[in-house]
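**Student:** This is what each chain is made of:
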Amino acid sequence: MAMTRTMGTRIFLRQIQPFWRWLLTVLGGALLAVLALVLFYLLGGLAVVAPPVVLPGAKLQLVSGQGKPTPTGLEIRQVGPQGWAAARGTARMASAALYRQFTWRIDGLQPGSEARLVWATAADPKTSHERVLPLAGSDEGVLDLGTEPGWQGRIAGIGLAVRGPLSQPLVVRHLELRPVVPTVGALLRWMVEDWTTFEDWSQRSINYTSGAPLNALFPPVVMVALWVGFGAALWALFGPPRRAPEVLLPLLLPYAAFFLLGWLTLDVRWQWDLGQRLTQTARDFAGKNVDERRLAALDGEFYRFLREVRQRLPEQPARLFIVSADPAGFWAGRARYHLLPHNGYAGFARLPPSDAARVGDYVLILSPFAGARYDPERRMLEEENTSLAVEMLHRADLGALFRIRGGT
Amino acid sequence: MEWWRVGWALAIPWFAGALWVRVLWRDASPPGAWPLALGYGGLLGLLAATLLLRVQTALGLPLGWVGPTLVLAVLALAGGRLAWRRTSLDFPILGQRGKAPPDRSLDSQAQGTAPKTGAKWQQALFVLLLAWLGIRFINLALEVWWRPLYPWDAWTTWAVRPRVWSELGQLLPFVDPQRWLGDATGSVYTIEAWTYPHTVPLLALWPTLAYGGWNETAANLPWLGCVLGLGLGFYGQARLWGASALTALVFTWLLLSLPLLDTHVALAGYADLWLAAVFGLATIAFFQWARNGDRRQGLLAVLLALACPLVKLEGAVWLLLFIPAWLAARLGGWRLLAVAITVAALGLGWWWVGGVAFNPPGLGEWVLRPDLIQVPYLGRFNLGYRGGWDPVVKNFLVLANWHLLGYLALIAAGVAVITVIRDRAERWLRAELTFVVASLAALFVLFFLTDAQRWAEQYTSINRVALDFVPAFLFWILTVFEQAYRTLEPARSGEPRDIEHPSV
Numbered sequence: 001m002a003m004t005r006t007m008g009t010r011i012f013l014r015q016i017q018p019f020w021r022w023l024l025t026v027l028g029g030a031l032l033a034v035l036a037l038v039l040f041y042l043l044g045g046l047a048v049v050a051p052p053v054v055l056p057g058a059k060l061q062l063v064s065g066q067g068k069p070t071p072t073g074l075e076i077r078q079v080g081p082q083g084w085a086a087a088r089g090t091a092r093m094a095s096a097a098l099y100r101q102f103t104w105r106i107d108g109l110q111p112g113s114e115a116r117l118v119w120a121t122a123a124d125p126k127t128s129h130e131r132v133l134p135l136a137g138s139d140e141g142v143l144d145l146g147t148e149p150g151w152q153g154r155i156a157g158i159g160l161a162v163r164g165p166l167s168q169p170l171v172v173r174h175l176e177l178r179p180v181v182p183t184v185g186a187l188l189r190w191m192v193e194d195w196t197t198f199e200d201w202s203q204r205s206i207n208y209t210s211g212a213p214l215n216a217l218f219p220p221v222v223m224v225a226l227w228v229g230f231g232a233a234l235w236a237l238f239g240p241p242r243r244a245p246e247v248l249l250p251l252l253l254p255y256a257a258f259f260l261l262g263w264l265t266l267d268v269r270w271q272w273d274l275g276q277r278l279t280q281t282a283r284d285f286a287g288k289n290v291d292e293r294r295l296a297a298l299d300g301e302f303y304r305f306l307r308e309v310r311q312r313l314p315e316q317p318a319r320l321f322i323v324s325a326d327p328a329g330f331w332a333g334r335a336r337y338h339l340l341p342h343n344g345y346a347g348f349a350r351l352p353p354s355d356a357a358r359v360g361d362y363v364l365i366l367s368p369f370a371g372a373r374y375d376p377e378r379r380m381l382e383e384e385n386t387s388l389a390v391e392m393l394h395r396a397d398l399g400a401l402f403r404i405r406g407g408t
Numbered sequence: 409m410e411w412w413r414v415g416w417a418l419a420i421p422w423f424a425g426a427l428w429v430r431v432l433w434r435d436a437s438p439p440g441a442w443p444l445a446l447g448y449g450g451l452l453g454l455l456a457a458t459l460l461l462r463v464q465t466a467l468g469l470p471l472g473w474v475g476p477t478l479v480l481a482v483l484a485l486a487g488g489r490l491a492w493r494r495t496s497l498d499f500p501i502l503g504q505r506g507k508a509p510p511d512r513s514l515d516s517q518a519q520g521t522a523p524k525t526g527a528k529w530q531q532a533l534f535v536l537l538l539a540w541l542g543i544r545f546i547n548l549a550l551e552v553w554w555r556p557l558y559p560w561d562a563w564t565t566w567a568v569r570p571r572v573w574s575e576l577g578q579l580l581p582f583v584d585p586q587r588w589l590g591d592a593t594g595s596v597y598t599i600e601a602w603t604y605p606h607t608v609p610l611l612a613l614w615p616t617l618a619y620g621g622w623n624e625t626a627a628n629l630p631w632l633g634c635v636l637g638l639g640l641g642f643y644g645q646a647r648l649w650g651a652s653a654l655t656a657l658v659f660t661w662l663l664l665s666l667p668l669l670d671t672h673v674a675l676a677g678y679a680d681l682w683l684a685a686v687f688g689l690a691t692i693a694f695f696q697w698a699r700n701g702d703r704r705q706g707l708l709a710v711l712l713a714l715a716c717p718l719v720k721l722e723g724a725v726w727l728l729l730f731i732p733a734w735l736a737a738r739l740g741g742w743r744l745l746a747v748a749i750t751v752a753a754l755g756l757g758w759w760w761v762g763g764v765a766f767n768p769p770g771l772g773e774w775v776l777r778p779d780l781i782q783v784p785y786l787g788r789f790n791l792g793y794r795g796g797w798d799p800v801v802k803n804f805l806v807l808a809n810w811h812l813l814g815y816l817a818l819i820a821a822g823v824a825v826i827t828v829i830r831d832r833a834e835r836w837l838r839a840e841l842t843f844v845v846a847s848l849a850a851l852f853v854l855f856f857l858t859d860a861q862r863w864a865e866q867y868t869s870i871n872r873v874a875l876d877f878v879p880a881f882l883f884w885i886l887t888v889f890e891q892a893y894r895t896l897e898p899a900r901s902g903e904p905r906d907i908e909h910p911s912v
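Chains as they are written, first to last, in my numbering: chain A, 1 to 408; chain B, 409 to 912.
Keep in mind the hints are simulated off the structure, nothing from the lab.
Check before you lean on any hint, since a few could be wrong.
Just some of the chain B residues that point at chain A, by a computed CB distance under 10 Å [to be verified]:
#1 Trp573
#2 Asp591
#3 Ser595
#4 Ala674
#5 Trp774
#6 Val775
#7 Ala808
#8 Tyr815
#9 Arg872
Virtual Cβ for every residue (Gly too), placed ideally from N, Cα, C.
Using the sequences and the hints, build the whole thing.
**Tutor:** Following this line, the structure appears as structure tokens:
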């Protein structure tokens, strides 16, 4: 009896041996995938995946002071009223942990000049951070930002501020962020971060799903593809001996299983992401009526303003000209949608032409809009060659509503 | 009460369509017939509801859901009567394989050789996968239920028409902004994309009519139906092709798990999911027809293909892709070669003379030059190579949009080419490959030779346009592997090769 049991156990173990071997190749494939990517980055691959972020001077935007872009760079002739000249550019959401080295080249700096690197992070774009550049009498320099407390997360933009007065024009030739090759430990931490970063719904979601930070070093899809590839290769090398089975299935099944396991891994991660997103959606909107949901949406405050606007509009749909600084932008579009079924059109960056606007039509001007001004005494909306006789119905920080009246 | 009405408004067209599609297969109960009927029929039923709304308006009747629903209910009863009388009404989802396809698919081999426990683990896997898909569907459904209308084009374009129609109770016209500006009646509306077709707005309008007023959740519910129809139709067709229940469900899972597709359900409101479903299911039915000349599949392909231009403008262009595939399916040998040479010669001549321009009455000005394509209502495209593979590689092989589909497609393409070259593949396989190559060529022209290249660079539409093709491509991948397996397997076991077409 005991012998039979022992034989049965042996047969069972023999039967499941291929499975354990397959499982080992799965683990081996995963290890090889991680190893391959880590080695790739340590041996110079970083330059391919994370090239330096170079801001040519000619592409910098001068936000304070006087100057102009030239073929060699941004020429700054004079500082602004605050005593500083400042220029800025986008940093393509570079990772602060990776891009720790800042270099620059500015022609014309005199000894004793003061220049600062200015930056803002994606998490807090309204707060600017500064660091004085060590100018050692040279036009060029390198600065390690690794210990800067504000150099964190994703960098949305960087810029340069130079204190005046300027004895001669400066030419900013370029600003540059360079990646620093991380340690193995840092790379592994990076990998964990790439896999666990939560990506909430955004207006970009409908166009693409990145699944990780856009410039991730360990994109899950690539990692899983490598994992499947290495696993399949290991199985081909170390799998059970092939004895020309009568059917192909036992031969192909392990490879198909590798692929499906890889897909499932990505899908579990996607489900985790979807679950997190649903939790946020439920927190924001569940159990609320239509109006409450709109108030809880990302343009809730704007909706509140438009609700006040709607109260000044008639019951029946009215023709509505929505004028804004960005007619194709988010706020103009939302205004038009929220005010439906009023017969609105948001494509106006200027006041509508006088011959198109008729008595009884409405004009909604969204702030900020510098193009037109309202003369309360004459009750006229005016803009260059256009003037409309109007009655102001509502005014708030976010905009103002007018009704076109008869007369001039 | 209003949600009950919405439920009826969505369910009745669905069942009417499903029963009538099921009637097509009334003489037999092949595996996959019911899922196919529910998927194809559901979508066709909803499309029929939008046609009935147009008819209602054309007849001068007030806009409402009751009349069209009654018509569809009568159709459902008639279809149900026919289907009930002629079929056994079994639901062979988990059960036996059909008699039609040769029993040589991957899983049938497994069933043939594996012990009984093998069948059990397959059944267990089937149930687990179904549960996983159920969790996904519930997750997406709750997003649709709770989240207000979210994505950009939904509230700038696709939902504007239905909201106006729903709130005012009539299908008021939308015109171009200039005409709107000059209009004195106030009875015309405008959006920038005023030429876009009406079907998707009507699909959003339909449940809101039953609800009794504009409601974003109700308007978005058809998107859930769309993905359900796509999944069921895909599964049913895979079963009809000869795949086992597990293989069919695995491929359905591959399709329904794609993050970009899921996103278009969760953030309902865009038309891309509808075109992906309608065009995808049309193409799959076309593949089936190309394989065995089944007229029922041909009918489904034609009906859904005709709906493509009604869903999105590019649907009209995608219809052209069926022409080379149809030729590859119907012609063989020297005839196909002659057609290919003729087309190549015409293309060369067109290039040589610098293109053509014509202005047929009522159809606007057409320009087809090597440097410019202008098609009324579709757009004007300056042609010229604007290289850039980075967005393609990033979006299909690096980012999470498509899981591992890009890699799978590359493997399948290699297998398909080898199969076609080595085994002198049959016409249907050539037709499929022709369709895929023509589709990729169309995408290449769009994203490499026109200004749409910047949409690829900005990632704004490269994935959304690709979504149109993904269901068909995934089905093609399924058939390529099935065929390669069937071709190899008898050779290994010493049997003569048998790749004849099964009857459905």
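**Student:** Compare the structure with each hint and give your call.
**Tutor:** Results for each hint:
no.	hint	result
1	Trp573	9 Å, holds
2	Asp591	9 Å, holds
3	Ser595	8 Å, holds
4	Ala674	7 Å, holds
5	Trp774	28 Å, violated
6	Val775	27 Å, violated
7	Ala808	2 Å, holds
8	Tyr815	5 Å, holds
9	Arg872	6 Å, holds
Hints 5, 6, counting from the list given before, are not met by this structure.
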